[in-house]
Amino acid sequence: MGDNGLEIKEIKLTAKDFASDQDVRWCPGCGDYSILAQVQRSFPDMIGVPKENIVWISGIGCSSRFPYYMNTYGYHTIHGRAPAIATGVKVSRPDLSVWVAAGDGDLLSIGGNHFIHACRKNVDLKILLFNNRIYGLTKGQYSPTSEKGKKTKTTPYGSVDNPFNPAALALGSDATFVGRALDGDAKHLQAMIKRVAEHKGAAFLEIFQNCVIFNDGAFDKLTDKKTRDDNVLYLEHGKPMIFGTNKNKGIVLNNGKPEVVEIGEGKHRIEDLIVHDEHDESFMIATMLAHMTDNPNMPTPVGVFRQVSRPTIDGEIEAQINQVKKMKGEGELEKVLFNGNTWSVN
Amino acid sequence: MIKEKEVQQVTEVTVRFAGDSGDGMQLTGSQFSETTAIFGNDLSTLPDYPAEIRAPSGTVYGVSGYQLHFSSADIHTPGDRPDVLVAMNPAAIKKNLAELKPGAIIIANVDSFDKKNLQLAKYETNPLEDNTLKGYEVYQVPITHLTSKALEGTKLSPKDVSRCKNFFALGLMYWLYNRPVEPTMKWIQDKFKNKPEYIDANSKALNAGYNYGENTEIFTIRYHVEPAKLPKGIYRSISGNEATALGFLAASVKSGLPLFLGSYPITPASEILQYLSYYKNFGVKTFQAEDEIAGITSAIGAAYAGNLALTTTSGPGLALKTEAVGLAVMTELPLVIVDVQRGGPSTGLPTKTEQADLLQAVYGRNGESPVAVIAASTPSDCFNMALEAARIAIKFMTPVILLTDGYLGNGSEPWNVPHVKDLPEIPVKFRTEKEGFAPYLRDENLARPWVKPGTPGLEHRVGGLEKANITGNVSYDPDNHDLMIKLREKKVKGIANDIPLLQVDGDQSGELLVLGWGGTYGAIKEAVIKAREAGYKVSQAHLKYLNPFPSNTEKVLKSFKKVLIPEINLGQLAKLIRSEFLVPVEQFNVVRGLPFRVSDLENKIIEMLGGNK
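Line order of the protein sequences matches chains A and B.
Heads up: the first sequence at position 11 corresponds to 11 in our numbering, and the numbers run straight through without jumps.
In our numbering, each residue's number is its place in the second sequence (first place is 1) plus 1000.
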């Protein structure tokens, strides 16, 4: 009820309210369409964040066109710098909800430094990585997440370059939220976007995204109905790590190493499996899970690897300002100018 | 019985303190400056130190120096050649001797002239004993010995005792130039308020030095420099970097905008970041970024979010920020970039001064990327120009590059402190009306609207891709690109109507105009005054606005038969002036990492006049 006794109806926004008037110009079939759709569908559920307080920042690359298609504030900036620009927005305006859309080249190659420092500082940013493991906008060169041996325009004999594991990098850089999702699993992706929205601190979501032109099918094994159940491990907090078409496989720790086991009579029991703890302060299991995707014999985990709470730099800067104001009082320019040893000439 | 010592009146003195990087020469020099300022002399300083923090002691390349020039009259430079050298070791003599005035006073710490230090300074024989210092007035003072004697009974270690010797030297200089010890006493008490043994030791050393001058027989004369007749007001001594910081603090207050500084430490600009990080109670947010690029891009983010946004750097950092400056040009955001220029190229001479970033500031970006470029001319002028940079950036929604330099940044001078009420207001208007809004609509100054994210109904997108006129949508249209390129240029050119005209000091037309910009103001001014005193007719003009130039620049240039442009680079302003106005100009370029010598400039002026008065 409002002050005047009238009932105030909150207008619930819809996905459409978040679509800008610009034509979307990605290639037909691009995974970016799904990500855009899931973001637009999830945003009306963001509680307590007025639409005008949402800012999307991006760098350069196919995915970096993202802000143009969102009917929010948006800034399409320069290659690799989105996390640094977003940091400036958030630190100077903690009231805003600041989102970063970035590709694997943008975030992890030219922008790698800004990315790790945004994680380390725990800037309250929501960073979505559109990982298609290729350079799309420059037409098909290998990226810092391309697998070794990959043949691309700049690696005609196969790449000899070892890739980053983005989730492991984010964990190693101390991001307080690290998750992974698939462009092809709309429901799960929406759930992950909402989790990112709720997190306070540096939130990193790696989204495996198909590039239909230069790296088509890169994640088919994880999204194809026939193969996905045996290859994707959905992480759920407090639940044992189970996967497989018949929910008959699980992950155990064997001498500190993950191992796939069968569950059932005469085999392993559910109690033997690792129970996922998102809030585990230790990095051990989360890092192990992030790296499982590098091993062809292991399923690829998706979901939230780790979510912990730590003060954000934007909050700390604000808090320190208030503390100094309390200690010294509001600044008075006249006093500062005439501070120190002054002398008078008459 | 000590006889009364003679006091000799002098109008001006140039003193240089020199010793090891660890001898505390910068502190000694700055204390002498502060006291001299309080005493009421006009002064100008030149700290000159190596890039190494503690180079091997005793070596010539480890010598740190601090020069100051003070006077009972108006002065503009830290002095060409010292009248007095305080040399804490042989290397200090080796490094500085050639710079001294003939017959200069040398006060040498004789205790450090041992075999080891002589060898380190590459002296085969002791310069105090051979003919090296013939013609100079040399005072050999056992400073180390006298300091430890004064501190007998202290609890300090012998090493700490030895560290107090710079205060002994300072005390002696206070006696010699008839300055009070009290300001430094007060400083010592504040600085070491939790370490009473250091207060005791440093005060004793300072007094011992002063009394040594008073009581010893070797000094028969002391000097007196009357206070200068400066314009009425309340003064303080200020360095360029501190003035820059205060200028932006003032701009924040006067605009009502919170100040955000994104910066990465770099010599000689780091002090601005350090100073501003103090003023948290003004709501100032200083962000020490991971690199130069994040320094400027975080500032761009803050500008986009509606703050007074600033980044500070030196030449190599500006090179790294280049692409981001272009983004601020394309998205037409108010942003100030301060470049405290240093010797280049590459890492160059990090602790020395130079003016060689002018072309980088004006042109150093991809595409047609106009920005406003302005420059401070003296340490205290950094305050005014910081305010100007903020004003122009906000009014015209444009990046502004403010050029200062190592000499201005580190050097200090008396500053007639302005009152807040006398500072210009900086009006800011954020767009909030939805009706008729478009991101690239322009006002009478061709500035686009500034919209704070969080404003309902004005959600819009901007970016580095070419913008369609008015709507700001991405546009690849050839005619639109041509239009936008010309609009951005026209907007920056229009700033010329909003800045002061170029002033000519001296005759408004005639034979010779000396045109300068930036930190060479003082040296040029003094050379021009000296030439005039010698009977030559010469005028001076100094550019503080370099892009665009003041609207009367061409008229001024064409009022003189000859134009001389002295610069600490290879003629960057000369190039701009020639290409803009097709005026023949003569260059004078000496790029030594140091301010000009006034005498060199004076000679050039006389040469250009053919010796004709």
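Hints are computed from structural coordinates only; laboratory data are not their basis.
Keep in mind that a hint or two might mislead.
[Said to hold, decoys possible] List time: in silico DSS-like cross-link candidates among lysine-lysine, alpha-carbon distance up to 30 Å:
no., chain 1, residue 1, chain 2, residue 2
1, A, K16, B, K1452
2, B, K1155, B, K1191
3, A, K328, B, K1195
Status of each hint after checking the structure:
Between A:K16 and B:K1452 the CA atoms are separated by roughly 23 Å; this keeps the pair inside 30 Å, and the hint holds. For the hint linking B:K1155 to B:K1191, the alpha-carbon distance of about 19 Å falls within 30 Å, and the restraint holds. Of the supplied pair hints, the one linking A:K328 and B:K1195 holds, its CA atoms being roughly 24 Å apart against a limit of 30 Å.
Going down the numbered hints, you'll see the structure goes against none, and every one checks out.
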